[in-house]
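First to last, the protein sequences are chains W and X. For what it's worth, the numbering used here labels the leading residue of the first sequence as 10, then goes sequentially. For what it's worth, the numbering used here labels the leading residue of the second sequence as 1190, then goes sequentially.
None of these hints come from the bench; they were simulated from the model. Bear in mind that the values here come from a model prediction, so they are computed numbers and not experimental data. Even glycine gets a Cβ: it sits at the ideal position worked out from N, Cα and C. Be aware that a few hints might be false.
Said to hold, decoys possible - Chain W stretches covered by chain X per the calculated footprint, using a threshold of three residues with CB under 8 angstroms from any CB of chain X:
| # | segment |
| --- | --- |
| 1 | 45-57 |
| 2 | 107-121 |
| 3 | 127-137 |
| 4 | 182-195 |
| 5 | 284-295 |
| 6 | 311-319 |
| 7 | 323-331 |
Said to hold, decoys possible - Listed below are several chain W residues computed to face chain X (Cβ distance under 8 angstroms; list not exhaustive):
| # | residue |
| --- | --- |
| 8 | 64 |
| 9 | 75 |
| 10 | 77 |
| 11 | 165 |
| 12 | 179 |
| 13 | 204 |
| 14 | 337 |
| 15 | 340 |
| 16 | 381 |
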Amino acid sequence: MAAVAERPRPVLHQEYCKGCGRCIEACTPGCIEAGTAIHPLTGLLPVTLHLESCNGCGLCVEACPEPYGMVAGDAPRLSPGASPRPFGRPPREPAAADEPAERVALPETRPLMLKGAHAAAVGALLAGCRHVYGYPITPSTDGAELMARLLPGLGGTFVQAVSEVATVNMMYGCGGAGRPAMTFTSSPGFSLMLEGISFMIGAEVPGVFVNVMRGGPGLGNIGPEQSDVKLACHGLGHGHTQAVVLAPSTPQEMLDLTFLAFELSFRYRNPVVVLADGYLGQMTGRVRLPPALVRPGLPAWAVPGDAAHRQNLICSFHLAEPDLEAHNHRLTEKYRRIAAAEQRADLYRCEDAEVLLVACHMPARMAKGAVRVLRGEGVAAGLFRPQTLWPFPVDALRPLLGRARRVVVVEASEGQLEDELRLALAREGTALPALAHVRRCGGMLPSQREIVEGVRAALRAGEARA
Amino acid sequence: MSTFYERFERHDHAAGLKAKSTHYCAGCGHGLVHRYLSEAIEELGLQDRTVAVSPVGCAVFLYYYFDVGNTQAAHGRAPAVAIGHKTANPEAVVVSYQGDGDLASIGLAEIVQAAQLGMPLSVIFVNNAVYGMTGGQMAPTTLMGQRTTTSPAGRDRHMGQPLKMAEMMAGMEGPIYVERVALYDAKQRVRARKAVRKALQLQAEGKGFAFVEVLAECPTHLKMTPAEAERWVRDELAAAFPLGVKKEVAGTAWGAWPVPVFEPEAVLRAAGALAEPAPRFCAGFPHTAFGPDVAVKLAGAGGDGAQTAALVLARAAIAEGFDATSIPSYGPESRGGTSSADVRIAEEEVLSPAAPAPHVLVAFNAPSLSRFGPAVVPGGLVLYDSSVIADPPALDPSVRLLGVPFAEIALELGQGMAKNVVALGALQGASGLFPEETLLAAVRQGLGDRGAGAALHEEAFRRGVRAAEAQAGGAGAFGWWH
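Next comes chain X alone, as it looks inside the complex:
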């Protein structure tokens, strides 16, 4: 008994004799490997659990014959397709069936990853030392001296040495069972049959990755009779590719597979949507001379915290029911170690999220101030870290320039990293953009206990506010948003 289809409907619509015969040449090894695979599926009771992945190569039509779930893969990719199937349905017993060109040449990366992953999969590798389907070209496993259509004078060392896949697999940590078998006589066929069965059984039991290399005959491209081909495999191929178990370890069980969860609460929690709504403090959108859309650029060196501060600012605006965006810098602006972020805040909808001409610039270092200061719109506001910038450049006279020692204040608090929070406080103190609580709530939500801790952040923020107010001559002294 076997799991072959009763009629091979997919084989040329089961026309004539094709309903019950394979497409393989006389004496080809594939038919035998198919038989053992089919019998193993039947004997282990796996027919209703199996997905067979057909390769590209002579075995591309595997799905003509096996009455199991079938998938046909791109050349070399059967192990990746098998991983897709196995992760989609871990209960399935997934068999990746490949030839030598498919597995050992174009698909090397995929087989190595699958093997090292060690996921329970059964890989059947049929090595007949030649490309069959494309007409007898040199394979990665072609023997030294062997003539093929692309090694017409025989493979020599300039074409590389034959690749020993079973040994390579056995040298890796992932696989738990690796064996090389052959088909050339009754004794070898019994071993091959057992090995194929074992590879399936290990997966059915959830154990791990199994790899069986089968040395097979290709009389057509060896230009031999089937009997000669069997002798060639015995005397030549098996001499270069020694038979036997290459690796067998108990391994550790792959373990329980995840079971997908679709409960709304779990998904919302994962998405961060279950947090309490942030309180609102704004009476309305801050009206500015610049219309219903405020552009803020925050710039410094990488690590200054400009990106984090930008996100806090955007978060504050969104918590108040406005629209806001924050984008990290790109293109030439990101060169020279500058890290900048553009924040746009709009009452209804941010249209253009970039801030090439910001209303407010927060500069953490001199290069940022020099680079972006001149772009600030007339009547705009520039805040800079006066602890590192002694001589600010001259800007448009209508631009208000305010130095606050972000870094110094943060260091006084024992946490230099908090200078971006000081900067946010300074922005608050100078502009009065939102009620103070708005930004503070966003600082708490965005930074939490990160770095210096919530209390320290609050203190850093408040000191920033006071320092800016002192410099500017009063809270929200610029007065262009009230």
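With the rest of the complex left out, here is chain W:
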């Protein structure tokens, strides 16, 4: 125990003293008094010290709310081994480098038979995701249930959150720590996650949302509807937000696009939405596994809590307006890069198509069947199927519009997909083609027959006008 005489006496840095006076009361010998002179830099009244009778008790230091206001002086320390430096830490360690993800080849296996939601779960496991957070909601829950069953055997973690709001924030924490995180949800649950998604986008945190859409608005129903196209493409919470929106239409794509979602999410430090519909989540089909799985790395920007990443911060807050403007410009530039590089579409018999059906998700399956029927009738029909809804694959669409006399948008919503098409073409300055549509909603899907009839009607209308 150090002798009393060796205790350090306090040093007051007046420019950091706000004059709260907590130290005055703390000082038994009465060495400190309220200030009377305004400090020229702060405009505040710092306390004044008279250390003649100071016994070095340190209580004034412990009472000071300012890190660098009242500090222990340079006298020998109470605790041996403590740094003699009065202020803060030595300079930071060099920043961590990216620890890259690694692909590990998989042997060829027989095709599996998987439900769509399960295929997405398997895709996530192969993409290296071992952290799943979720809240039960029909018709997405099968994915979470499978994860809850499989993750313990793979050293993973499934946490059933108290709500979708908590779910997305757990993903924010896990993704911020640099780990691949995901959830399964459905439309009303996705709505609840939007604030958190906005935070993830602002703070540039990766994470994958598999949204098995159902009928809306409100509680709607649990039937398949393309109800969240608008929300996912243009409404990801407050602020200027965008995320890649993938649109699978088979169990195989549920796996492949969920797998891809993790890659894109980390490549761009941004959430990715895998938008599916209720039918697709429940549908069982043939699924082949990819040639490799991913052993995730650890990005340099992550906050795992270790020494190498200590300087990092996950944060969407930029108090100064110029800072936030600059941040938004950077995000906008990122969105531009994504829009240029990540458009995806699948074209079926489009090369010579004079009538182009545009559809995604489950309605694209019916539309594909309709194309076959129409071709059988001698109608040069083709299916343009966006696999990314944002960015809309306008680059692949534009060349087809010269030949295609008519475009028929087939969807299970009241025009949400068509709006994406219109917006994408308008932004490109491309003239809108003659548009017709086949729509169902409320959990009803357009049937193959309805689509065939809708295309025939559109063609007749076109001829009548001509």
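Got chain W; can you put chain X on it based on the hints?
The following block gives chain X in isolation, referenced to the frame of chain W:
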């Protein structure tokens, strides 16, 4: 010594005095709690293990000051973010730092879940009885009679009683340590310092969830001098929120955290991809009058096994190298207790997976037969359970209607649940869709020893085949797929 940054670069780019001073008002309690937290991290040697989660509220800028891993959370969500960090990196010591509006109002669900989960986390809750950052509104912990901008005449009972978070936490099973401390004099500050340190230590040792509520001063919104605010906390706030340890139990250690596994074999096994490939029996795709795409609808009451039978059928087709899908019914079809599934089987690719006009209908009850029978395509096949359907409705004359007592046969075998396997056998017997072994292998793979056991399933299947053949007048008597 502490773990404060040497310069607060994030505080307005460390302009002028901001490089070394906080944004807090004079006399604010946050600065002291920061000091104790910072010292505890330093003393426990946790700087290179700590993740601090900043809240929304006056402490939103926690990350300006602490030289540790930092994350800023949405309002109220810090405990959920902390769970994300902790599960991602269990070695990390994760501190969730929150004010009263954040933790006790908008974030109640998150703090309750985190606490009851009991995961090793350190929650520092700064209660100053008012919303600071938004300008002095009523907090969940505002005292009765206390004037705020949203309780201008003083909080009364119509605004609810102050919420005692420490007591609530202590009443739950999850937390192992809950204490309420204060800052108003040197003695209380020593206790506060110790409590904060303890909350971190318990997590560093992997023990469990710790919660420290700190009664703090907000002179600005109390409209008091710092000294008056200290006295108010001592005389008023601490009277309503009694200080002290509210809960302390040894608890059981949280235990080992999982270590993620990425070995291909483990992942493939989990995905069910390591099973032996099913043998093939088909010479080629069954050619039918309906083209390279067969639609089968299976319908019954919930529990009849239509969904399972549909999956077995799809599995059989996939095992033969074809494409197949199965979807459970949706929309109006699912009303009235009917459970139906659509199976599509295609040589190359199933285009449209729904079966609104099936080639084959397997009906387990009368409502299903009445509902879906008329939709069957001309020349199609309808199989129904004749043990429960005495009078089948009249259908298109070109549709072949075949009654097989699914349930009766299953009951004869002592296992009523196996009637869907009988139905699959009947489908086989009537249609000859695939070689018999194809479906049998899928039954074995799909049902295994479930229910009546493999031998019983096989027998149920074979009896279904024989019964349908007898009715139809020979194996695969319909003859439209050969």
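Evaluated hints:
1. 45-57: holds (count 3)
2. 107-121: holds (count 8)
3. 127-137: Per the Cβ count (4), the hint holds.
4. 182-195: Coverage by chain X holds here, the residue count being 8 at a Cβ distance below 8 angstroms.
5. 284-295: holds (count 7)
6. 311-319: Result for this restraint: holds, n = 7.
7. 323-331: holds (count 6)
8. 64: Check failed: Cβ of residue 64 (chain W) comes no nearer than 14 angstroms to chain X, outside 8 angstroms.
9. 75: Hint on residue 75 (chain W): holds, closest Cβ of chain X at ~6 angstroms, below 8 angstroms.
10. 77: holds, 4 angstroms
11. 165: holds, 6 angstroms
12. 179: Holds: closest Cβ of chain X sits about 4 angstroms from residue 179 (chain W), inside 8 angstroms.
13. 204: holds, 6 angstroms
14. 337: violated, 17 angstroms
15. 340: Status violated, d = 17 angstroms.
16. 381: This hint holds: residue 381 (chain W) lies near chain X, its Cβ roughly 6 angstroms from the closest one there, short of 8 angstroms.
Hint check: violations occur at hints 8, 14, 15; the rest are consistent with the structure.
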